[in-house]
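Residue numbers (my numbering), protein chains in the order written: chain Y, 335 to 744; chain G, 2 to 184.
Possibly wrong hints are sitting among the right ones.
Cβ-Cβ distance ranges computed for the label pairs, FRET-style [stated by the list, open to error]:
| hint | chain 1 | residue 1 | chain 2 | residue 2 | range |
| --- | --- | --- | --- | --- | --- |
| 1 | G | E119 | Y | G660 | 46 to 52 Å |
| 2 | G | L87 | Y | R369 | 32 to 38 Å |
| 3 | Y | T431 | G | K121 | 36 to 42 Å |
One-sided and incomplete, this derived list gives chain Y residues near chain G with beta-carbon spacing under 8 Å [claimed, not checked]:
| hint | residue |
| --- | --- |
| 4 | G560 |
| 5 | P562 |
| 6 | P564 |
Source of the hints: derived by calculation from the structure; they are not laboratory data. Here the structure is a predicted model, which means the values were calculated and not measured. We put the beta carbon where it would ideally sit given N, CA and C, even for glycine.
Read off the chains here:
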Amino acid sequence: MIGAGHAGLAISSVLTEHSIDHVLIERGEVANSWRRERWDSLRLLTPNWQSCLPGYRYAGPDPDGFMSMPELIRHLEGFAAASAAPVRTHTTVTSLTRLDGGYRVLTDRGELRCRSVVLASGAANVPRVPQMRQALPERIESITPFDYGSPERLPRGGVLVVGASATGVQLAEEIHRSGRAVILAVGEHVRLPRTYRGRDILWWMEHSGVWAQRYDQIEELERARGLPSPQLIGTPERATLDLNVLRAKGVEIVGRLAAIRDGHALFSGGLRNQFALADLKMRRLLDTFDEWARAQPEDPGLAPAERLEPSAVPAAPRLSLDLRSGAVRSIVWATGFRPDYRWLAVPVLDRRGELRHDGGVVRDSPGMYAMGLPVLRRRKSTFIIGAEDDARDIVADLLGYLAGGGRGGS
Amino acid sequence: MAQSVNNGVNIDALLAAREALKNAPAAAEFTWRASCKWQSGTHATSTVQGFHGLGDEQRHKTQFSFETDHPEIFASEDHGATPVELVLVGLASCLTAGVATVAQNRGIQLRSVEAKLEGKMNLYGILGIDSDVRNGYDDIKVTFRIDADASKQDIEALVAQSQKRSAVYDIVTNPTNVTVEVL
């Protein structure tokens with residue numbers, strides 16, 4: 335296993351059940367990205383009861399709460415200890431190559447040979463920042479979510495947040511709360527209420543079976559894999575954080591950042607359609623939940639079906655912003671992340687640098703697997719609650735591969 | 002000087018209109034309109050005639066009609082230009098009209114003005130193959146060939162001024178809020 339986050343640990347735990355000899359190579363410590371690459375206030379957007387891993391459940395007092403990063407790190411450390419995961423910490427993989435019947439892993443602390451390898455190094459190793467960053471005027475500070483800690487560490491003055499994923503809306507809200515003027519540039523986004531009919535929206539995702547939908551049953555798989563994270567935040571109040579909420583708080587909503595030219599940021603005039611698309615998709619999903627609920631035995635805890643307010647489009651959203659005017663002093667790029675495969679010396683990446691895999695099975699290189707990528711095998715693949723089912727499927731294939739003398743699994 | 006030059010532009014009338022509009026801001030608010038009717042497949046027919054301006058409803062002398070379609074390599078029947086070609090047509094004709102008007106105003110006699118336009122587009126965008134590729138043009142190149150009684154520098158200045166005052170150049174290069182409704 336390369337990586338000892340929740341995905342690698344889940345695989346390790348299932349391999350241990352099958353008495354398969356294995357090791358996890360970890361560049362830092364267990365849950366490293368959660369320790370080093372997240373901002374101070376971040377909490378998981380999944381409720382605690384969903385932080386379940388193979389044979390390991392949340393046992394604390396607040397199943398509906400949301401873990402802070404220190405709590406999550408403790409949770410994952412607890413899982414690593416309970417499953418006796420063989421983790422080699424502070425070991426960085428420098429190259430992975432094919433050998434006859436297996437793989438050679440070079441690290442900064444020596445070489446390993448193995449018959450099979452699982453890439454569990456994560457989907458979000460490097461912030462994706464558009465090329466236009468180069469065109470920013472010098473006095474504007476450019477910040478990725480990896481650089482961001484808290485609003486106090488931003489330069490004084492207004493902030494342009496680019497992207498309305500979970501990261502984008504959370505940072506926009508927090509920065510605005512610190513007293514700074516915030517402009518949020520909104521492209522394609524996924525709107526979700528925190529709760530629906532009195533239940534957490536992710537309770538619905540799990541129980542209705544939407545999250546369990548398999549990758550080979552999803553029509554537009556590539557699109558599903560590229561979707562921004564939903565506009566959710568984990569707070570004790572279980573507050574919704576959609577664009578209506580942000581607008582009401584005073585965040586200025588503008589269209590997708592289309593270009594930076596001559597010191598001006600130019601925003602798309604297509605904001606209205608982005609709102610319409612997000613509202614339509616949310617409504618369709620909530621209708622799916624309602625339909626599912628009708629087919630279930632009556633649940634007295636369930637409130638009646640709700641109609642959510644449409645996203646209110648600003649009458650004339652701003653189309654450009656003079657970045658030299660001083661109105662904005664920094665830009666936060668909430669424009670997504672990508673995996674880092676610089677060490678991967680096996681030709682299994684596509685022209686965009688993404689891993690070619692079939693539900694986590696790397697067909698072009700027998701014995702190689704991936705875990706923890708978006709919609710790897712199910713809609714919930716990147717969430718902690720999604721790790722167990724994926725791990726069991728991957729391990730089943732891996733066992734077949736090992737039993738077949740390394741000639742390929744099912 | 003301007004009087005000795007004739008590019009077919011009534012510059013005096015234009016300048017008079019400009020003066021008049023300065024004191025009548027409401028009259029300067031124009032609304033341009035187009036209608037489009039689907040024929041079959043990717044073939045549609047668009048028409049323009051009425052518009053609003055100078056505080057009143059106005060009409061072209063006749064209704065103008067435009068067929069749009071896609072070429073046969075797109076499995077279409079090729080009844081007309083593609084909509085993206087019409088965008089190039091709009092840009093070319095707007096810049097060319099601007100060149101003539103500015104030349105008249107600057108006393109430059111034109112003998113011929115020709116423009117060639119190229120818009121580069123990667124179909125991965127509209128086909129939804131790569132979400133990083135935009136749907137529209139990623140680059141538009143306009144090449145003017147102008148024969149006029151003026152130095153190359155003056156001709157370049159003409160073309161630059163024409164871009165500066167071009168509505169279509171502005172529409173293509175800057176964002177516009179768009180509302181699409183279904184009745």
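Each hint tested on the structure:
Distance hint for G/E119 and Y/G660: a CB-CB separation of about 39 Å, inconsistent with the stated range 46 to 52 Å. Take G/L87 and Y/R369: their Cβ atoms lie about 56 Å apart, and the range 32 to 38 Å is violated. The given range of 36 to 42 Å is respected by Y/T431 and G/K121, whose C-beta atoms sit roughly 39 Å from each other. Using the Cβ-Cβ criterion of 8 Å, the hint placing Y/G560 at the interface with chain G is satisfied: the shortest such distance is roughly 6 Å.
Interface restraint check: Y/P562 against chain G, minimum CB-CB distance 11 Å, threshold 8 Å, status violated. Interface hint at Y/P564: violated, since its Cβ lies 18 Å from the closest Cβ of chain G, which is beyond the 8 Å cut-off.
Of the numbered hints listed earlier, those contradicted by the structure are 1, 2, 5, 6.
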